[in-house]
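Enquirer: Sequence:
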Amino acid sequence: PTPAIFEYLQTWNSVSPSSALASGGSAISISGAGFGVSSPGYACLFSSGDIVLSTESRPESSDLITCSVPNWGSIYSAQSVRVSLRLKGVQVPQGFVGLREISLVESWS
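Residues 2 to 110 in this note's numbering are what the sequence shown spells out, letter by letter.
It is possible that some hints are incorrect.
[What the hints assert, rightly or not] Here are the computed distance ranges between Cβ atoms for each label pair: (1) Ser62 to Gln92: 17 to 23 angstroms; (2) Glu102 to Leu65: 16 to 22 angstroms; (3) Arg101 to Ile76: 19 to 25 angstroms; (4) Ser78 to Leu10: 33 to 39 angstroms.
Just so you know, the hints here were simulated from the structure itself, not pulled from any lab data.
Note that the structure is predicted; figures quoted are calculated from it, not measured.
Heads up, the beta-carbon is just placed ideally off N, CA and C, and yes, glycines get one too.
Between the sequences and the hints, there should be enough to build the whole structure, so can you do that?
Expert: Below, the structure written as structure tokens:
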């Protein structure tokens with residue numbers, strides 16, 4: 002018999018928490034599956050329209066990546082931003098469920 006060949010794809014499902022400080026430095030967690038724990042080159046992207054800021058990250062496990070929020074507030078106003086994940090410049094697909102945006106706030110009130 003011919004051995005079966007399959008490819009394990011990585012995907013991400015959700016982001017938490019749902020808000021962070023626009024001044025940056027807060028950590029967000031991206032949960033998913035298939036992350037290469039020893040793979041460098043992951044980047045978390047934070048975007049609104051044509052504006053995109055990113056931070057580099059490494060998976061903590063095959064199902065969790067923690068990213069630092071960039072200092073969005075030093076350049077742009079606090080707002081909701083879309084979160085996405087890339088590995089070496091290639092978009093990591095997102096599953097069909099889960100939070101895709103976070104609110105960047107001026108301060109915790």
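Enquirer: Decide, hint by hint, whether the structure agrees.
Expert: These are the hints, each one checked on the structure:
1. Ser62 to Gln92: 17 to 23 angstroms: 21 angstroms, holds
2. Glu102 to Leu65: 16 to 22 angstroms: Since the Cβ atoms of Glu102 and Leu65 sit about 19 angstroms apart, the hinted range of 16 to 22 angstroms holds.
3. Arg101 to Ile76: 19 to 25 angstroms: 22 angstroms, holds
4. Ser78 to Leu10: 33 to 39 angstroms: Holds, since Ser78 and Leu10 (Cβ atoms, about 36 angstroms apart) stay within the stated range.
Against the hints set out earlier in the document, no violation occurs for any number.
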